[in-house]
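Take these sequences, add in the hints, and give me the full structure.
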Amino acid sequence: MRFVLFLGLLISNLYLCCQPSDLFDQANQSYTIGKYEEAIAQYEEVIDKGFYSFELYYNLGNAYYRNDAFAKSILFYEKAKRLNASDEDLLHNIELANKKIVDQKDEIVDEMFSGFVISEFLFAVLALVFLALAVIGLSLFIWGNMIFLRKLGMVLGLSFMVLFITSSCLAFMGKSNQDKASHGIITRQVCNVKTEPNANSKDAFVLHEGSKVELLSIEGVWCKVKYSSKKIGWIEKETFEEI
Amino acid sequence: MKQIVFLCFWTVVTGFTIAQDFSVKVSSQNLYEDQIFTLEMVVPTTQVQKLVYPSFSDFQVLQGPWRENFYQNFNGKVSAGVRFNWKLRPKSAGTFSISSAEMRLGGKDYKTEPIRITVKKVSGVLKKYAKNKDMFVLATVSKKNPYVGEQIVMTTELYTCVGTGNQFSVKGAKLDGFWTKNLKVDISDNRLVLNGKTWIKYTVGKSILVPQKSGELMIKGYKLNLSKEVQVRRGFFTMSDYQPVELAAPPIKVNVKSLPQPRPQDFSGAVGEFKFEGLLNKSDVQTNDAIDYKVVLSGKGNFQLIQLPKPIFSSDFEVYDPKIKNNYKVKTSGTRGQKSASYLTIPRNPGSFEILPLQFTYFDLNKKSYVTLKSPAYQINVKRGKGDETTVFDGKVRKQEVIIGDDEIRFIKTSNNVLTKKGKYFIGSIVFWSVVSILLIALILMFLLKRKVKSDKSDLLEFKNKKANKVARKYLQDARKSKGDESRIYELTSKAIYGYLSDKLKLAISELNIVTIKSSLSTAIDVEFAEEMVEILEFCEMVKYAPNPGVTPDQLLEKTEKLITQIENRL
Numbered sequence: 000m001r002f003v004l005f006l007g008l009l010i011s012n013l014y015l016c017c018q019p020s021d022l023f024d025q026a027n028q029s030y031t032i033g034k035y036e037e038a039i040a041q042y043e044e045v046i047d048k049g050f051y052s053f054e055l056y057y058n059l060g061n062a063y064y065r066n067d068a069f070a071k072s073i074l075f076y077e078k079a080k081r082l083n084a085s086d087e088d089l090l091h092n093i094e095l096a097n098k099k100i101v102d103q104k105d106e107i108v109d110e111m112f113s114g115f116v117i118s119e120f121l122f123a124v125l126a127l128v129f130l131a132l133a134v135i136g137l138s139l140f141i142w143g144n145m146i147f148l149r150k151l152g153m154v155l156g157l158s159f160m161v162l163f164i165t166s167s168c169l170a171f172m173g174k175s176n177q178d179k180a181s182h183g184i185i186t187r188q189v190c191n192v193k194t195e196p197n198a199n200s201k202d203a204f205v206l207h208e209g210s211k212v213e214l215l216s217i218e219g220v221w222c223k224v225k226y227s228s229k230k231i232g233w234i235e236k237e238t239f240e241e242i
Numbered sequence: 000m001k002q003i004v005f006l007c008f009w010t011v012v013t014g015f016t017i018a019q020d021f022s023v024k025v026s027s028q029n030l031y032e033d034q035i036f037t038l039e040m041v042v043p044t045t046q047v048q049k050l051v052y053p054s055f056s057d058f059q060v061l062q063g064p065w066r067e068n069f070y071q072n073f074n075g076k077v078s079a080g081v082r083f084n085w086k087l088r089p090k091s092a093g094t095f096s097i098s099s100a101e102m103r104l105g106g107k108d109y110k111t112e113p114i115r116i117t118v119k120k121v122s123g124v125l126k127k128y129a130k131n132k133d134m135f136v137l138a139t140v141s142k143k144n145p146y147v148g149e150q151i152v153m154t155t156e157l158y159t160c161v162g163t164g165n166q167f168s169v170k171g172a173k174l175d176g177f178w179t180k181n182l183k184v185d186i187s188d189n190r191l192v193l194n195g196k197t198w199i200k201y202t203v204g205k206s207i208l209v210p211q212k213s214g215e216l217m218i219k220g221y222k223l224n225l226s227k228e229v230q231v232r233r234g235f236f237t238m239s240d241y242q243p244v245e246l247a248a249p250p251i252k253v254n255v256k257s258l259p260q261p262r263p264q265d266f267s268g269a270v271g272e273f274k275f276e277g278l279l280n281k282s283d284v285q286t287n288d289a290i291d292y293k294v295v296l297s298g299k300g301n302f303q304l305i306q307l308p309k310p311i312f313s314s315d316f317e318v319y320d321p322k323i324k325n326n327y328k329v330k331t332s333g334t335r336g337q338k339s340a341s342y343l344t345i346p347r348n349p350g351s352f353e354i355l356p357l358q359f360t361y362f363d364l365n366k367k368s369y370v371t372l373k374s375p376a377y378q379i380n381v382k383r384g385k386g387d388e389t390t391v392f393d394g395k396v397r398k399q400e401v402i403i404g405d406d407e408i409r410f411i412k413t414s415n416n417v418l419t420k421k422g423k424y425f426i427g428s429i430v431f432w433s434v435v436s437i438l439l440i441a442l443i444l445m446f447l448l449k450r451k452v453k454s455d456k457s458d459l460l461e462f463k464n465k466k467a468n469k470v471a472r473k474y475l476q477d478a479r480k481s482k483g484d485e486s487r488i489y490e491l492t493s494k495a496i497y498g499y500l501s502d503k504l505k506l507a508i509s510e511l512n513i514v515t516i517k518s519s520l521s522t523a524i525d526v527e528f529a530e531e532m533v534e535i536l537e538f539c540e541m542v543k544y545a546p547n548p549g550v551t552p553d554q555l556l557e558k559t560e561k562l563i564t565q566i567e568n569r570l
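Note that the protein sequences, when read in sequence, are chains A and B.
For the record, in the first sequence the residue sitting at position 83 is 82 according to numbering that gives the first Met the number 0, with numbers rising by one throughout.
For the record, in the second sequence the residue sitting at position 151 is 150 according to numbering that gives the first Met the number 0, with numbers rising by one throughout.
Since the hints were derived computationally from the structure, they do not count as laboratory data.
Treat the hints with care, as some may be off.
To be verified - Listed next, the in silico DSSO-like pairs over lysine-lysine satisfying Cα-Cα at most 30 Å (straight line):
#	chain 1	residue 1	chain 2	residue 2
1	A	Lys98	B	Lys412
2	B	Lys451	A	Lys34
3	A	Lys34	B	Lys256
4	A	Lys201	B	Lys366
5	A	Lys201	A	Lys230
6	B	Lys170	A	Lys98
7	A	Lys48	B	Lys412
8	B	Lys281	B	Lys252
9	B	Lys205	B	Lys173
10	B	Lys330	B	Lys366
11	A	Lys179	B	Lys412
12	A	Lys98	B	Lys451
13	A	Lys34	B	Lys309
14	B	Lys142	B	Lys328
15	B	Lys256	A	Lys150
16	B	Lys420	A	Lys48
17	A	Lys150	B	Lys366
18	B	Lys173	B	Lys132
19	A	Lys236	B	Lys420
20	B	Lys281	B	Lys143
21	A	Lys34	B	Lys252
22	A	Lys99	B	Lys212
23	B	Lys196	B	Lys212
Below is the structure:
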């Protein structure tokens, strides 16, 4: 019992913090009474303190939208989308914000698995549950006094062990996915996409703030990007922000 | 301070007649700071008895008085007198008066009119720019800290104290963050004095600027290309020539104030002073009669960027695209006029309808606050017109689409304020690994515990086992000792095996028989072994009643011992 309490305390210390969430509430209040600039500053402060959540990104996106900073708004909506891609309000707002920016995609890129986000936390918890079940199964094997029970315990124990390993792997994948950004949002008003990673090379095409690009590879200060499905070029790192 | 000077007396030539007036004149009454001017006093006689100079304590005397006698013969009229000249410079800006000069001639006193002089202040900035230069361009704005949307005027002026060519070209300033409109200017010149030199000021350009965003905005990059007159020496002569020059205006910083927060929800972006109206031309109509609804905004402000609020008509009205009229003029004093949108709408169904009041919110620059204007609500009564059914409806019910006003973003999420620390993942964390290791340790512990319990439980059995072995071996040893008495050997052997198996197989002696032994041994060890065991038992049984088929008791004992050892090893 004491052990469980200790574990609970440890988790709550690591994953929840009372002070930034107070600030988050304040920011929400500022937003509610229409002080969007103040709300933005407060949300950004929470982020600066090293915290994030789907709601935080979504609300900050809203505040930027209200302040007519649509590129920033899209940036944070997309960040929120990485955490929860199925929220209806979010999808609605992203659609509206995308209508406000200069570049309108002429095609709709159907992003596969866009609704599926590997939640590192979910899979890690699942892995622990599976491990616990495996231990229960194996203990059945150890303690069982009937052949049938022992056999069942063995089979269950081993299969839960396999599930444990699989979901740990998925959780690690989710972690690396969350660490690495695959897309970026252009934050410069106008951004000339070059054909080569070189300022003197020709312009391949032009993007405006708020456009979402896929990041392919990086070479020095240049980043190879893909816009919609065909257009590929190089832009400087400072012209976009990673989602 | 009055300065009284007694003059020398001249011999009288023409008596006390005065041909010219006794006067004091200045070269200019409107001066700039630093402007040097001359003051001339004419004394129309050479026989003055007493003369008092005008006082100019507010001015610095650079030169003077210079005295000059004159003698004029003009159409036979002869006049003679003295002129006094001073070169003066104002000490500061302001309005001053030069007091009158006095003289006495032949017992009579004469007085001149005092002179008022205004000295205009010249801004220090201009003086600074004029230093060590003969021409420069300056851009100025009418207000340096306007609100977003407030109109300001930018004026560009060329100052020169040398001659210029009469053509010039302008490269406009970079005006990021402003809505701009250039106004036509009549290039006018205006003289002024800077640092003692006469300069000419030309107004080269005027633009209206409306800031679009708040913060520090820079106006820079304004350039003027023109030619400048220079003196060139050619042999003995100096000639004037023209030389191209490029003048850049110094940048101006404009600090644009953002409109106060919170902004009303329906704030239109309008800044200024406005009047707002909604006008309906008739309110009692028949179906299919056109109605005109006009939204009019008039006043002063940033009309260019204002969108008029759109009226909402009942879906039973057919509404045409509005005619939008922009009737405003952009002037330096502000943009004035009106903007209107007139909606032609036709009611298709009879009934009583309402046009909801429209709201227009703008930021009032005088009150420095938001003002909301409302147009009146109108009631429209629509009666069924003639020939209605045939022309429009054909008796069908009009289908109306449900229009969803879904062009607003959804509200923020406030229910969950749980935050996660960035870069902190559950997978691979200490907590994760400790839970994993706790579970694995629990598994291992359980395994060990099981073994412990097993051994505890089996202690008695083990004891019995060991004892069984001993007992069996004792019986067998007894059997060996009782040589010769074969039946006793067989009896002891069978006793040893039964007792031993009873303890080993945990079966009561009463339960033991050939069949149970065979079955339990074949499951515990194997069938062959069981058969061998049974063979010995059957043999022991048999020899009790039948003659020995030729197995010596030693062979039997050996075989039995071997079997028991095997059981000992394998069970």
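Taking the hints in turn, this is what the structure says about them:
1. A:Lys98 - B:Lys412: 22 Å, holds
2. B:Lys451 - A:Lys34: 70 Å, violated
3. A:Lys34 - B:Lys256: 16 Å, holds
4. A:Lys201 - B:Lys366: 53 Å, violated
5. A:Lys201 - A:Lys230: Judged against 30 Å, a Cα distance of about 14 Å means the pair holds.
6. B:Lys170 - A:Lys98: 36 Å, violated
7. A:Lys48 - B:Lys412: 20 Å, holds
8. B:Lys281 - B:Lys252: Violated, at about 53 Å.
9. B:Lys205 - B:Lys173: 14 Å, holds
10. B:Lys330 - B:Lys366: 22 Å, holds
11. A:Lys179 - B:Lys412: It holds: about 26 Å lies between the C-alpha atoms, which stays within 30 Å.
12. A:Lys98 - B:Lys451: 72 Å, violated
13. A:Lys34 - B:Lys309: Holds - the C-alpha atoms of Lys309 (chain B) and Lys34 (chain A) are around 26 Å apart, at most 30 Å.
14. B:Lys142 - B:Lys328: Distance of about 20 Å is within 30 Å: holds.
15. B:Lys256 - A:Lys150: 79 Å, violated
16. B:Lys420 - A:Lys48: 9 Å, holds
17. A:Lys150 - B:Lys366: 86 Å, violated
18. B:Lys173 - B:Lys132: Judged against 30 Å, a Cα distance of about 25 Å means the pair holds.
19. A:Lys236 - B:Lys420: Measuring from Cα to Cα gives roughly 26 Å; hence the hint holds.
20. B:Lys281 - B:Lys143: 48 Å, violated
21. A:Lys34 - B:Lys252: 27 Å, holds
22. A:Lys99 - B:Lys212: 18 Å, holds
23. B:Lys196 - B:Lys212: 41 Å, violated
The structure does not agree with the numbered hints 2, 4, 6, 8, 12, 15, 17, 20 and 23 stated previously, though it agrees with the rest.
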